[in-house]
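Here is how the chains run, residue by residue.
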Amino acid sequence: MFPPLPNPNVTPGPATYGAQDLVRRSASTVEPPARQLTPVAKLIDVSKCIGCKACQAACLEWNDLREEIGYNHGVLDNPLDLTADSLTVMRFTEWVNPDTQNLEWLIRKDGCMHCADPGCLKACPSPGAIVQYSNGIVDFIHENCIGCGYCIKGCPFNIPRISKKDNTVYKCTLCSDRIAVGQGPACQKACPTQAIVFGTKQEMKQWADLRIKDLKSRGFRNAGLYDPPGVGGTHVMYVLHHLDQPHIYAGLPDNPRISPLVELWKGMGKYAGLAIIGLTAAAGVLHHLLQGPNRVTQQDEESADRLAGGGT
Amino acid sequence: MTNSWTDIKNTDLVVIMGGNAAEAHPCGFKWVTEAKHNRGAKLIVIDPRFTRSASVADVYAPIRQGTDIAFLLGVQNYAIENDKVQWEYVKNFTNATFIVKEGFGFQDGLFTGYDEIRRDYQRDSWEYELDADGHVVRDDALKNPRCVWNLLKAHVSVYTPELVERICGTPKDTFLRICGMIAETSARDKYMTSMYALGWTQHSKGSQNIRAMAMLQLILGNIGVRGGGMNALRGHSNIQGLTDLGLMSNLIPGYLTLPTERETSFDDYMSTRGFKPLLPNQTSYWQNYKKFFVSFLKSMWGDAATANNNFAYDWLPKLDVPQYDVLRAFELMHQGKINGYFCQGFNPLLAFPNRRKITAALSKLKFLIVMDPLQTETARFWENHGAHNDVDPATIQTEVVELPTTCFAEDEGSLTNSGRWLQWHWAGGTPPGEAKSDNWIMGQLYQRLKELYQKEGGKVPEPILNLDWRYKDPGSPSPEELAKEFNGYATADITDPADPSKVILSKGKQVVSFAALREDGKTACACWIYSGAFNEAGNNMARRSTNDPDSTGAYPNWAWSWPANRRILYNRASADLEGKPWDPSRKLMEWDGSTWTGYDVPDIAPNAKPDVVMPFIMNPEGVGRLFVRRMMREGPFPAHYEPFESPAVNVLAPKVRGNPAARVFRGDLEQFGDAKEFPYAATSYRLTEHFHFWTKHVKVNAALQPEFFIEIGEELAKEKGIKSGGWVRVWSKRGSIEAKAMVTKRIRPLTCDGKTVHIVGVPLHWGFTGAARRGFGPNSLTPYVGDANVETPEYKAFLVDVEPISGPVA
Chain H
24 MFPPLPNPNV
34 TPGPATYGAQ
44 DLVRRSASTV
54 EPPARQLTPV
64 AKLIDVSKCI
74 GCKACQAACL
84 EWNDLREEIG
94 YNHGVLDNPL
104 DLTADSLTVM
114 RFTEWVNPDT
124 QNLEWLIRKD
134 GCMHCADPGC
144 LKACPSPGAI
154 VQYSNGIVDF
164 IHENCIGCGY
174 CIKGCPFNIP
184 RISKKDNTVY
194 KCTLCSDRIA
204 VGQGPACQKA
214 CPTQAIVFGT
224 KQEMKQWADL
234 RIKDLKSRGF
244 RNAGLYDPPG
254 VGGTHVMYVL
264 HHLDQPHIYA
274 GLPDNPRISP
284 LVELWKGMGK
294 YAGLAIIGLT
304 AAAGVLHHLL
314 QGPNRVTQQD
324 EESADRLAGG
334 GT
Chain Z
1154 MTNSWTDIKN
1164 TDLVVIMGGN
1174 AAEAHPCGFK
1184 WVTEAKHNRG
1194 AKLIVIDPRF
1204 TRSASVADVY
1214 APIRQGTDIA
1224 FLLGVQNYAI
1234 ENDKVQWEYV
1244 KNFTNATFIV
1254 KEGFGFQDGL
1264 FTGYDEIRRD
1274 YQRDSWEYEL
1284 DADGHVVRDD
1294 ALKNPRCVWN
1304 LLKAHVSVYT
1314 PELVERICGT
1324 PKDTFLRICG
1334 MIAETSARDK
1344 YMTSMYALGW
1354 TQHSKGSQNI
1364 RAMAMLQLIL
1374 GNIGVRGGGM
1384 NALRGHSNIQ
1394 GLTDLGLMSN
1404 LIPGYLTLPT
1414 ERETSFDDYM
1424 STRGFKPLLP
1434 NQTSYWQNYK
1444 KFFVSFLKSM
1454 WGDAATANNN
1464 FAYDWLPKLD
1474 VPQYDVLRAF
1484 ELMHQGKING
1494 YFCQGFNPLL
1504 AFPNRRKITA
1514 ALSKLKFLIV
1524 MDPLQTETAR
1534 FWENHGAHND
1544 VDPATIQTEV
1554 VELPTTCFAE
1564 DEGSLTNSGR
1574 WLQWHWAGGT
1584 PPGEAKSDNW
1594 IMGQLYQRLK
1604 ELYQKEGGKV
1614 PEPILNLDWR
1624 YKDPGSPSPE
1634 ELAKEFNGYA
1644 TADITDPADP
1654 SKVILSKGKQ
1664 VVSFAALRED
1674 GKTACACWIY
1684 SGAFNEAGNN
1694 MARRSTNDPD
1704 STGAYPNWAW
1714 SWPANRRILY
1724 NRASADLEGK
1734 PWDPSRKLME
1744 WDGSTWTGYD
1754 VPDIAPNAKP
1764 DVVMPFIMNP
1774 EGVGRLFVRR
1784 MMREGPFPAH
1794 YEPFESPAVN
1804 VLAPKVRGNP
1814 AARVFRGDLE
1824 QFGDAKEFPY
1834 AATSYRLTEH
1844 FHFWTKHVKV
1854 NAALQPEFFI
1864 EIGEELAKEK
1874 GIKSGGWVRV
1884 WSKRGSIEAK
1894 AMVTKRIRPL
1904 TCDGKTVHIV
1914 GVPLHWGFTG
1924 AARRGFGPNS
1934 LTPYVGDANV
1944 ETPEYKAFLV
1954 DVEPISGPVA
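Residue numbers (this note's numbering), protein chains in the order written: chain H, 24 to 335; chain Z, 1154 to 1963.
Don't read these hints as lab results, they were simulated from the structure.
We treat Cβ as the ideally placed atom computed from N, Cα and C, and that holds for glycine.
Be aware that a few hints might be false.
Stated by the list, open to error - Simulated DEER-style distance windows between Cβ atoms:
no., chain 1, residue 1, chain 2, residue 2, range
1, Z, A1924, H, V204, 31 to 41 Å
2, H, R89, Z, P1807, 50 to 60 Å
3, H, Y94, Z, L1485, 55 to 65 Å
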């Protein structure tokens, strides 16, 4: 058994990470964070998953969301797809292995992969709507979201969904609110078979090795860890029985990459941004030349102190 | 369970047959994944459908529903033929060597003594040969053709792999592969666990399904060991507690039996409950029956139960029929003979077979009281809900009273889990509205009934007037008070037999365990197997230590396990005749020369010598039974019988329909369909997203599985022109339902006796109340017949027809 995470601390304490831990911020540049958090990861072991949907229920409960009561569509998947409320869904695939002629029922928990190189963040034009912490979590900051949906286009895994209620985009936060206080994500907590485990990325890779060894001993020659390099690796990883063909797991991309369009847009944006910075600097020099240096008055100093909370 | 959930991690091989643990017991299933991960254990799943459990199995085998006995006797035959037998275990710890009386036999699907008119057996020939001392005659060399082993060998010899394939539809190569894996566990140091549930019980021969596997486990030496056992996965969090506390109509708490009307006196009753040992020097623990029974009567009637009135034996109800099971109760209701009904915490309108009959029966009642935390369909059986409950309220005169109750999370108490652990829980919330606990309702009811008897008298008022009701608030007994009563206490000072001046337990003190119970009335105990749960050491059910010495999975100080905090039943069988563990790496109990030591509480007297007293002390034989004498209604060995509604005839006995000893009420036989009219073999089951009829009221669960559906294979869908996600009608001889169709590769047609058998799956969970969409349940379709011994209805095997329809009616 992977050592279980401790039960929640019931005395409220400060969050262990936050804005100061940002390594990326959409449409913005950030200073390198003062410290490096240990990269975390959620490992989803598809070979241990029994499709009980406890993760889906836990996600709805923790985030206080309620999915619409839908219909049966001739499959066990419900809802059929990710929504702005269902940030994770189980996808069921009935696959006949051509080598053995055995039916394999592949059940994959779908949701945000928390890419090290996040396509959503790169595509986002709204400053600070998408951020990435130094532990690897990619989070959406809803008050900054303008609902343009570019992140959806930018995601190589087709994960974010736009809400009809507030016209902003939602996806799994890796329970950043829980992680910040030393807990694991809600889905991991609820998973009865430890098909979902959570820890440092390093620990998760080591744990995955054990699982892959077990699978290989049971005849799954191509068992392996899905941590796709095309997006710089991910902070949600899968143990797959058939790493040679991820697409059989309800269309998991074989080799996910950020869309070239996003790279192009980011590229152009970058140059446009640099041009703006250059122009501003030039204007500043001109201003200095024409008007002389700015003088800071006593009043300015006092206002600045007030803004900074009267601090030192 | 003989073992516990946590013990499953110790196994080498898990066989899930007659259940779907991953789907129905996802939390307990974690111990299967632990065994796989840590020990490299293998998982075999045998089921008509490729289930969620099958999705993580090493081997899956399809089987036609209702043919488990043929499969299991086939495995027994394989083990015997290939000498895959734990011989030392079989020869010493089972009745293999016992000689059966002359005259016993089996022919054309029937054992000796069958009476076709009564659908019952005269069971005299199903008995051992006894010597002059009343001990069984044995043949240790297993040469006598009438010894149990040779009778068994002959009985199972017909179940060849070819016959298994012909009956079950399981491909021969898959069957043989599974036989090979199972047979390996006949080694002293290899163990298999059997995990089963309603997939075995809900058949007209459910008890024999379970016996067939229990016998196999004895042959392989897998009972009483870590990682072995017969493990019944109980469906409801406290259904184990229900049977323990005797909520069956023929039981009183602790698996004591209610007297029959022929047992008019206390002595008559006790005369058949002596359980004299059948081997010299053997312990027969039920010889303590009288202590448990008298203590029970003392807990019922307190000071009014005295030696002079045989501890109020006369006030116990006496059964005039074998049992008032639910099928009989609703049959009597249907006949107008039961006219008032208390429905406490269940939903018969959707749960009992032949819903049309259930509706008709409820409509004949004068009153129906429903106690439930939630809205149930039963409470609204009289309302018209269109196709989902098509009744005419004007014609129904039943008065329905709903008493809203608390649910388990709003009250404290204990729940007994599948592993016999009594786990105390505390209230986690406040009951809504006018909801009251079941104890409060029962307390109030009793006060009023008593008052009526006091005022108005009546026939036999004594049992009510003299009931021992020593609760602080008589209108609301507390869970703690009830738990203490189950544990038992001294009703008088108990003195040391060696020194009568010395009081060893003073009046009113809790007894330490059932070993302290007495037959002289000086102790009271409501449920002897729960004795020890709440003694003078406190509430042992509330213990929460995760300490587990040497990680055996016993967790001896977590909660409390009956009996005597024992975690694995028959644990003395984990060691050989010298008391040495069969598998030293999985030691459970060991004889140290003078006493039994180990990780568990020994299931035998601590000083009982290993070569003298055999491990199965609850049987008068002291050993496990491969042959059960007269105890099972349909025979001492399991035999293959088809379900009452089957796509195939019984190839071994074409004239026998269903289980020949199963009870069928007049009128119900005519309502059984046959394969000509209803060609498809249907089965029913639960889904992981829901719990019975509760969670359809919960928005989260309802969203995860919102709408009723049935499952069929791609081949049948193609034949019938049914599209996945499209609408179908499914009907049996007793009713018709409409549903969405789920077309799946997980259900494949089977070939049985040269014929293609299509399977139709009908999940349960939908009704006409709650947050989920309205739907039907399998009980609209299933037949009104139950297991021959315990009357659990046959929900798992019935016949239907199916057709595509354009959409639901209204």
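Evaluation of the provided hints:
1. In this structure the supplied range 31 to 41 Å holds for A1924/Z paired with V204/H, their Cβ-Cβ distance being about 32 Å.
2. About 56 Å separates the C-beta atoms of R89/H and P1807/Z, a value consistent with the hinted range of 50 to 60 Å.
3. About 41 Å separates the C-beta atoms of Y94/H and L1485/Z, a value inconsistent with the hinted range of 55 to 65 Å.
Checked against the numbered hints listed earlier, the structure breaks hint 3 alone; every other hint is satisfied.
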